[in-house]
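A.B. asks: Letter by letter, the chains look like this.
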Amino acid sequence: MIIELGHFALILAFAVAMAQSIIPLVGAHKGWRDWMVVANPMATVQFLLVAFSYAALTYSFLVSDFSVKLVVDNSHTLKPLIYKISGVWGNHEGSLLLWVLILALFGASAAWFGGNLPASLQARVLAVQSAITAAFMAFTLFTSNPFTRLVSPPFDGTDLNPLLQDPGLAFHPPFLYLGYVGLSMAFSFAVAALIEGRVDAAWGRWVRPWTLAAWVFLTIGIATGSWWAYYELGWGGFWFWDPVENASLMPWLFAAALLHSAIVVEKRETLKSWTILLAILGFGFSLMGTFIVRSGLLTSVHAFAMDPERGVFILMILAAFMGGALTLFAIRAPVLEAKGVFATVSRESALVVNNVLLAVSSFVIFIGTMWPLVAEMLFDRVLSVGPPFFNMAFTPFMVALAMVLPIGAMLPWKRGNLSRALRPLWGLAAFSVAMGAVTWALQTGNSPLVPVGLALGLWVVLGAMADVWARTGRGGLGNRLKRLGRLPRADWGKFTAHTGFGVSMFAVAALVGWESEDIRVVQIGESFDKGGYTLTLTSVDRVQGPNYVSTMGTLEAHRDGRLITTLQPEKRFYPIAGMPTTEAAIDYKIHRDLYITLGDPQDNGGWAVRTYIKPFANWLWFGCFLMALGGIFSLSDRRYRIAAGADRTRTDAVPAE
Amino acid sequence: MTMFRLLLASLLIALASPSWAVQPDEILDDPALESRARDISAGLRCLVCRNESIDESNAELARDMRLLVRERLVEGDSDPEVLSFIVDRYGEYVLLRPTTDGANIILWVAAPVLFVIAMLSAGLYLRRRENAPEPSSGGLSDDEQKRLKELLKD
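So the protein sequences, as listed, match chains A and B. Note that this note's numbering gives residue 72 to position 75 of the first sequence, counting from 1, and the numbers run on in steps of one. Note that this note's numbering gives residue 141 to position 107 of the second sequence, counting from 1, and the numbers run on in steps of one.
Calculated from the structure, these hints are not laboratory results. Hints may contain errors.
[To be verified] Computed footprint of chain B on chain A, listed as stretches where at least three residues anywhere in the stretch have a Cβ under 8 Å from a Cβ of chain B: (1) 341 to 349; (2) 490 to 496; (3) 507 to 521.
Every residue gets a Cβ at the ideal spot worked out from N, C-alpha and C, and that includes glycine.
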């Protein structure tokens, strides 16, 4: 019964969403106030209905209602509670319902917190957002209904894919969806502004928090996914340039570009049409990602569905929204007159360069991801585009970004003086290069990867420090330190996020450049040396888990005769799903991870053991964490917390010069 | 759907257990040769897995290809010779790094060309902004000017 109620609630929500995508638009066009404001309660109702529907589906997972097809396919009575909850979105239908829930949530937030928006803009934003939600509800209801019942329910389910039964992966999709869908808000604001024919500083200020939030969620989502791959897949890879990973990286890059260009709109009222275009394309790439994941067009390990009908449906959504928005853009963009005048050497220009690098790098990933498809259709060539291409094509953009970032961040708005901006930076640049050179001299082997990565990372981090220090102005040390504590949170956000970028950059270089590996057969009781540690395989046991059996090795790591740690890598087998998984044992330390996986038993009685030393692996996740944290700091800045409305922009606007 | 589940399950199995990737018994005695073998296999795609190199994959076919690579290296082939040997047998699909011939040149020049175009347009835009006249009014409508005055009072 509850399942049917959930289904019914979704159908009702669909009706509300359709009404909400039309009535407020008409109201805003005609200037009928009550037709506009009706969007607010509608958004709330829509959200409550979808939330109920989602809760109903979750309930059926919790009580293991095996008359529901989705529960049978993705759950089992013995499954731990947390994975019953995460099982709801561990499949195509449920994850789509989560998409819809988040879309409705963002729409409702725009109704709840958008009281200071001009009425017509708010009505249009809510209408556009609701149109997107309606499209995805139709997709769910007509092609991927999660509430389908079975005529003869089985006694138990077929279990969730064991790979997904992991805390890292349980929370990776919701964050990604929050990010993808968050970009829909930026899109809705962009389209609403195009309909209004007006983009001003206030618009920039409204759209930026949504973009920031989306970007923070995407950062967390991508980082948890990458971390999961690192510890779960058994050899410590963290990025594979898989089409689905690319599908999340492209919107991330666009969101990063957008949140920088929205600053320019907010502070200088220029780059308007470009920012609008970014907002449209950012969400376009989110939809593209959904399409890639769910159409199976680009086969990939995590593609959910290989169902042409679904693919066509998403392609239609994509075509309708992108086509509509871009046409509107072509008509209206010339109206958006830029105001701020600025010199070629200025913060504005630096942010333009930032945008060029981020957007072009994203397009390059796009071309690489789609190329196999294009080559097959147009040139009849079946080929692959893999990591070697992406590493080569993408890395230069990040290197260039890291090089210009500290300089751009120090330049003043409107008109800057390059030599003055560079004055506090020369020393830092020299120091970074020197440290890179020292690393080059000290390391074994001659790959330039780590020295370059270290120099760049250091340059970015030191540059961020110099920037924050420069923000304290002039005067004595005490005064400046005092002022440091009073800087706006946006400044700390910038510092933290840029530092995170530098840290991640160094970590990737160190991880790729300095990793070392050891593969061998080890007898029980035998010892071997790796990276300064003496590792002894003391035993291999069979262990029974809640819904799996495990073959668990126990290794002791000694250094200079002292026991450092005991590691227990496992090979698990999930009998219900009939699938094996590897559980690497990792000793996390600040300067390295000691990473061990257990392989097969060998004919001579030994076990295959792989040991890796992964230098500075933790720094990668820490860097991503810093980037997300920086976004959160910026999001909590006073100007977004207190009356982000139009009436404030003119009065407490940050001085432009 | 069942077909798809089976397919997905098999894909995920392939993905799940790469600790079996390079087996200890495959490793060549000559470390220089072995390191070349690793580099080559990292650039070759496993045919039955999705987006995995044969170096990471545990599939039987990937193992066969790894052994083939090592066999050719021991026979004294150079790296390009090994690659062309493999491509002759398995097709260009196995190359994770696409070739630069024919239409693929579009793929390879895309990044620099796009970058140059974007920088040129950005440069033109910046020059225009620099020479643009300073707008005179604040761009506010009369209503907004009135409202602003009210707000500024308190």
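A.B. asks: Does each hint fit the structure? Answer for all of them.
C.D. replies: Here is what the structure says about each hint:
no., hint, result
1, 341 to 349, "holds (count 4)"
2, 490 to 496, "violated (count 0)"
3, 507 to 521, "holds (count 3)"
Violated hint for the displayed structure: number 2, the only one.
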